[in-house]
Amino acid sequence: MTTLDHIRNFSIIAHIDHGKSTLSDRLIQYCGGLSDREMEEQVLDSMDIERERGITIKAQSVTLNYKANDGDTYQLNFIDTPGHVDFSYEVSRSLSACEGALLVVDAAQGVEAQTVAVCYTAIEQGLEVIPVLNKIDLPQSEPERVINEIEDIIGIEAHDAIHVSAKQGVGIPELLDMLVTKVPAPVGDVNEPLQALIIDSWFDSYLGVVSLVRVKHGVLKAREKIKIMSTGKFHEVTKIGIFTPKASDTDALKAGEVGFVVASIKDIDGAPVGDTITHAKHGAEEALPGFQKVEPKVYAGLFPIDSDDYEDFREALAKLKLNDAALFYEPESSEALGFGFRCGFLGMLHMEIVQERLEREYNLALITTAPTVVYEIELTKGEIIHIDNPTKLPPVVNIKEIREPIVIANILVPQDYVGNIIKLCVEKRGVQINMLYVGGQVSMSYELPMNEVVLDFFDRLKSVSRGYASLDYHFDRFQAAKLVKLDVLINGEKVDALALIVDRDYAMQRGRSLTENMKELIPRQMFDVAIQAAIGGQIISRQTVKALRKNVTAKCYGGDVSRKRKLLEKQKKGKKRMKQVGRVEIPQEAFLAVLKIDKDKS
Amino acid sequence: MQAIIPLSLYIHLPWCVSKCPYCDFNSHGLKQALPEADYVAALIQDLEQDLPKIWGRRIDSIFFGGGTPSLFSAEGIDAILCAVRARLNVAPSIEITLEANPGTIEQQRFAGYRQAGVNRISLGIQSFNDAHLKTLGRIHGSKEALLAIETVRQAGFDNFNCDLMHALPQQSLAQALADLQQAIANKPPHISWYQLTLEPNTRFYQTPPTLPNEDLVADMQLQGRELLANHGYQQYEVSAYSQPNKYCRHNLNYWKFGDYLGIGAGAHSKLTCPNTGDIRRIAKVRHPKEYLNPEKNVIQKQDIIDKAQLPFEFMLNALRLKQSLTWQLLKERTGLVKQDLAPSLNKLKQLSLIEANDVTMTLTPRGHLFLDDVVAEFIST
Numbered sequence: 001m002t003t004l005d006h007i008r009n010f011s012i013i014a015h016i017d018h019g020k021s022t023l024s025d026r027l028i029q030y031c032g033g034l035s036d037r038e039m040e041e042q043v044l045d046s047m048d049i050e051r052e053r054g055i056t057i058k059a060q061s062v063t064l065n066y067k068a069n070d071g072d073t074y075q076l077n078f079i080d081t082p083g084h085v086d087f088s089y090e091v092s093r094s095l096s097a098c099e100g101a102l103l104v105v106d107a108a109q110g111v112e113a114q115t116v117a118v119c120y121t122a123i124e125q126g127l128e129v130i131p132v133l134n135k136i137d138l139p140q141s142e143p144e145r146v147i148n149e150i151e152d153i154i155g156i157e158a159h160d161a162i163h164v165s166a167k168q169g170v171g172i173p174e175l176l177d178m179l180v181t182k183v184p185a186p187v188g189d190v191n192e193p194l195q196a197l198i199i200d201s202w203f204d205s206y207l208g209v210v211s212l213v214r215v216k217h218g219v220l221k222a223r224e225k226i227k228i229m230s231t232g233k234f235h236e237v238t239k240i241g242i243f244t245p246k247a248s249d250t251d252a253l254k255a256g257e258v259g260f261v262v263a264s265i266k267d268i269d270g271a272p273v274g275d276t277i278t279h280a281k282h283g284a285e286e287a288l289p290g291f292q293k294v295e296p297k298v299y300a301g302l303f304p305i306d307s308d309d310y311e312d313f314r315e316a317l318a319k320l321k322l323n324d325a326a327l328f329y330e331p332e333s334s335e336a337l338g339f340g341f342r343c344g345f346l347g348m349l350h351m352e353i354v355q356e357r358l359e360r361e362y363n364l365a366l367i368t369t370a371p372t373v374v375y376e377i378e379l380t381k382g383e384i385i386h387i388d389n390p391t392k393l394p395p396v397v398n399i400k401e402i403r404e405p406i407v408i409a410n411i412l413v414p415q416d417y418v419g420n421i422i423k424l425c426v427e428k429r430g431v432q433i434n435m436l437y438v439g440g441q442v443s444m445s446y447e448l449p450m451n452e453v454v455l456d457f458f459d460r461l462k463s464v465s466r467g468y469a470s471l472d473y474h475f476d477r478f479q480a481a482k483l484v485k486l487d488v489l490i491n492g493e494k495v496d497a498l499a500l501i502v503d504r505d506y507a508m509q510r511g512r513s514l515t516e517n518m519k520e521l522i523p524r525q526m527f528d529v530a531i532q533a534a535i536g537g538q539i540i541s542r543q544t545v546k547a548l549r550k551n552v553t554a555k556c557y558g559g560d561v562s563r564k565r566k567l568l569e570k571q572k573k574g575k576k577r578m579k580q581v582g583r584v585e586i587p588q589e590a591f592l593a594v595l596k597i598d599k600d601k602s
Numbered sequence: 001m002q003a004i005i006p007l008s009l010y011i012h013l014p015w016c017v018s019k020c021p022y023c024d025f026n027s028h029g030l031k032q033a034l035p036e037a038d039y040v041a042a043l044i045q046d047l048e049q050d051l052p053k054i055w056g057r058r059i060d061s062i063f064f065g066g067g068t069p070s071l072f073s074a075e076g077i078d079a080i081l082c083a084v085r086a087r088l089n090v091a092p093s094i095e096i097t098l099e100a101n102p103g104t105i106e107q108q109r110f111a112g113y114r115q116a117g118v119n120r121i122s123l124g125i126q127s128f129n130d131a132h133l134k135t136l137g138r139i140h141g142s143k144e145a146l147l148a149i150e151t152v153r154q155a156g157f158d159n160f161n162c163d164l165m166h167a168l169p170q171q172s173l174a175q176a177l178a179d180l181q182q183a184i185a186n187k188p189p190h191i192s193w194y195q196l197t198l199e200p201n202t203r204f205y206q207t208p209p210t211l212p213n214e215d216l217v218a219d220m221q222l223q224g225r226e227l228l229a230n231h232g233y234q235q236y237e238v239s240a241y242s243q244p245n246k247y248c249r250h251n252l253n254y255w256k257f258g259d260y261l262g263i264g265a266g267a268h269s270k271l272t273c274p275n276t277g278d279i280r281r282i283a284k285v286r287h288p289k290e291y292l293n294p295e296k297n298v299i300q301k302q303d304i305i306d307k308a309q310l311p312f313e314f315m316l317n318a319l320r321l322k323q324s325l326t327w328q329l330l331k332e333r334t335g336l337v338k339q340d341l342a343p344s345l346n347k348l349k350q351l352s353l354i355e356a357n358d359v360t361m362t363l364t365p366r367g368h369l370f371l372d373d374v375v376a377e378f379i380s381t
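Protein chains in written order, with the working numbering: chain A, 1 to 602; chain B, 1 to 381.
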């Protein structure tokens with residue numbers, strides 16, 4: 001049994017593409033977690049979507065045994081962290097289970113803005129941060145420049161940073177030795193009452209709720225009775241274990257260790273993330289400090305295309321919510337789309353991932369309405385309200401002032417792209433507040449309307465900088481703005497689910513490109529379809545999808561009608577993926593036409 | 001007592017000189033000598049196996065389709081027809097059609113077909129434009145097309161059809177109409193005018209040519225129909241036009257959801273059981289090699305049409321016709337009554353696509369234009 005001083009809990013902080021997944025695979029391989037044959041590319045990213053998109057969404061962990069230079073064997077618990085700007089909240093959760101973090105920086109690309117933000121979180125939480133230069137095998141790597149950047153931008157000593165090539169397996173033993181030497185052993189007492197922090201929970205159809213925990217004090221054993229402190233409910237532990245990275249059962253998890261717990265919890269709210277597990281008898285008095293509640297930044301309506309799916313949809317959201325604390329939802333009803341849910345997300349990527357998971361894992365066909373941020377409205381009566389849905393905007397006469405959320409955005413970019421970034425920020429109504437030259441990069445700060453940032457700013461930023469610019473942002477304040485509601489009418493009828501809140505100065509232009517885009521997305525039907533954009537009662541643009549002239553094929557069929565039958569059946573199925581609004585069939589993509597507007601400009 | 005459902009006989013002759021890039025029928029390019037005698041023997045064996053399914057029923061029409069049936073000798077066709085007459089009750093005024101490729105026409109052979117009892121020829125002309133014929137991979141040119149019409153007439157056929165296609169790659173409205181005009185000038189009793197579509201398992205589907213857009217195709221169809229009407233060709237089905245009383249009786253039987261027995265490689269049958277009213281669909285093995293193997297069971301697949309799919313199956317055929325359909329026909333052919341279709345009928349009426357009373361149902365002019373939407377409404381989900 002490993003004693004506390006032979007345990008090291010750590011995370012890897014790295015920007016996407018800086019090689020975190022490859023490095024983790026290397027560490028697992030070196031410590032013998034998987035045989036070479038089992039070693040599949042990037043074992044940690046286990047969700048399909050993560051693999052396809054090359055990003056990590058959910059925290060995962062691996063327990064490794066490492067025989068160090070001093071001859072002792074250490075238990076290394078590696079807790080993975082997500083890497084996209086949308087998921088910085090998840091990062092702080094993973095970090096709270098660790099005493100140290102490897103700051104992995106691409107020796108060619110240098111420091112990225114998000115890495116900076118995550119690194120500060122780690123330092124705030126008291127973690128020992130170890131800088132690591134990866135990809136030193138690349139001919140364009142510049143270790144000296146990057147070391148300076150780490151010291152200048154982040155402000156930590158980096159001159160003894162380890163040089164690693166995860167791809168070629170260079171520097172791995174040195175890195176592991178450094179980890180054992182520098183990262184402090186966890187503090188905890190196996191004799192104290194049990195306190196285990198739930199870092200993550202997910203629902204398994206066979207096991208019920210599975211929770212990833214970090215035991216702070218005490219020892220947790222299989223078949224013990226436990227209490228979930230927030231709910232006060234008792235459960236019996238049926239299974240505990242660690243990921244090696246394969247799930248493998250153990251007898252106990254003790255103070256300082258990280259592993260999973262299964263306790264036949266069937267209720268999906270049974271083991272909330274951030275909660276504390278203790279023993280049913282002689283349990284701890286106090287829960288551990290949980291996690292800060294995260295506020296969604298983007299809201300959108302999600303509606304099942306088939307209204308019969310509503311209950312399945314509700315259940316699916318509840319299951320996703322279990323290990324995605326940032327996901328928010330409440331019932332919403334729309335005149336055009338019927339019953340659905342208003343959902344809150346951390347950003348566009350989060351929204352896309354949730355929608356994809358709902359469609360893939362739960363087999364739901366959904367319509368997503370245009371995403372929006374939260375606006376603050378001061379009514380003439382003096383009351384202040386917040387709205388997350390354009391349809392809830394009160395009548396203009398009742399509004400004294402509309403305020404939009406402003407963020408501070410920190411951007412790091414190589415000097416060559418500064419001009420492009422400035423242009424983009426101006427287009428997005430940004431105000432520069434700071435600009436600094438550090439190493440080979442420029443650090444810029446802007447005040448930007450959150451609305452502009454959450455929709456497609458990140459993608460645009462990447463495209464104007466050939467992928468080199470990086471971004472981190474946080475909410476700063478609400479600020480008065482000239483905003484109006486843009487309504488969309490289909491064949492003369494206002495479709496609530498298509499309404500948007502836009503800047504008055506850009507309203508005409510937006511209305512025009514929105515109707516133009518929708519024209520491309522709505523297929524021709526048996527009659528003309530008029531798409532209009534309006535502000536107040538005034539129509540500002542109109543497009544028409546001309547009626548089909550015919551829908552009959554003068555085709556020769558002999559005695560075999562099966563092909564024609566299949567064709568018509570397939571077409572009919574395709575129509576089921578569209579939502580009928582009035583007489584008009586509108587495909588899913590048309591509800592998100594607004595997102596296409598901005599993409600077209602890039 | 002069930003009304004007697006008319007019965008037709010379809011005979012598939014699966015070989016062509018070469019396979020056209022748009023064709024998704026069961027046709028096979030001829031790589032060696034035509035195994036005519038073997039195939040005739042196989043057809044007769046196939047027919048004999050099917051005899052119990054149509055015991056005592058009369059045959060009202062026969063259709064030789066392909067492939068290119070005109071690759072068969074007059075003797076071969078005669079042998080097949082003799083075998084049919086010896087085994088089945090054939091109506092005295094029976095229509096017997098044979099499909100012919102203008103590239104394979106020789107007068108003596110056609111006179112022989114006529115003598116064997118064939119009384120209608122369907123010529124696969126497709127276009128009179130040499131460039132388009134080449135794109136379509138046809139083995140004939142416009143000269144052969146015109147000659148073919150002449151030959152067929154001289155061989156004694158007063159009843160024949162010209163197959164034409166429109167919406168061809170790079171085809172203009174004027175070119176589509178010119179093809180029709182050329183056909184009309186030759187006064188065939190019947191014109192079938194099909195739209196070229198890209199079907200799976202064809203060369204065009206794999207490397208699609210550029211086809212005229214939807215609106216241009218609509219113009220072709222509307223103006224083409226008018227042109228044909230002005231010259232006495234009445235549209236009686238989506239793609240069929242004829243001089244008065246020169247309808248294709250064999251095809252009319254398909255569209256009226258009548259019964260048919262199909263023999264030959266890949267042939268399809270639709271047969272109603274006189275006792276139960278169940279409608280059975282049968283498909284024969286597709287590949288000629290398998291079909292010619294005497295060890296092999298020629299029936300590839302057979303199943304009974306699900307009752308829930310009957311309205312759709314019936315409408316898919318019956319609504320192709322321009323004439324109103326009667327509820328009486330629906331009842332005779334499927335056992336269904338108007339009330340069984342009430343929800344679909346109401347919806348289509350609201351959309352002004354059909355009109356219906358207690359006796360008939362009629363597509364509105366709009367319903368004819370949006371026939372695929374009308375038919376899809378009857379799909380049971």
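Do not rely on the hints blindly, as some may be mistaken.
[Stated by the list, open to error] Estimated spans, in silico, between C-beta atoms of each pair:
id: 1; chain 1: A; residue 1: S562; chain 2: B; residue 2: V17; range: 42 to 48 Å
id: 2; chain 1: B; residue 1: T210; chain 2: A; residue 2: R512; range: 42 to 48 Å
id: 3; chain 1: B; residue 1: N357; chain 2: A; residue 2: P523; range: 29 to 35 Å
id: 4; chain 1: A; residue 1: P523; chain 2: B; residue 2: Q300; range: 49 to 55 Å
id: 5; chain 1: A; residue 1: I539; chain 2: B; residue 2: R366; range: 28 to 34 Å
id: 6; chain 1: A; residue 1: Q509; chain 2: B; residue 2: K301; range: 56 to 62 Å
id: 7; chain 1: A; residue 1: E356; chain 2: B; residue 2: P169; range: 48 to 54 Å
Treat the hints as calculated values from the structure; they're not laboratory data. Predicted model only: the values in this text are computed from it and were never measured. Using N, Cα and C, we set each Cβ at its ideal position, and we do this for glycine too.
Going through the hints against the structure:
1. A:S562 x B:V17: 42 to 48 Å: 27 Å Cβ-Cβ, so the 42 to 48 Å window is violated.
2. B:T210 x A:R512: 42 to 48 Å: About 31 Å separates the Cβ atoms of B:T210 and A:R512, which means 42 to 48 Å is violated.
3. B:N357 x A:P523: 29 to 35 Å: holds, 34 Å
4. A:P523 x B:Q300: 49 to 55 Å: At roughly 37 Å between Cβ atoms, B:Q300 and A:P523 fall outside 49 to 55 Å, so the hint is violated.
5. A:I539 x B:R366: 28 to 34 Å: This hint holds: roughly 29 Å between Cβ atoms.
6. A:Q509 x B:K301: 56 to 62 Å: Holds - the Cβ-Cβ distance for A:Q509 and B:K301, about 59 Å, lies within 56 to 62 Å.
7. A:E356 x B:P169: 48 to 54 Å: violated, 39 Å
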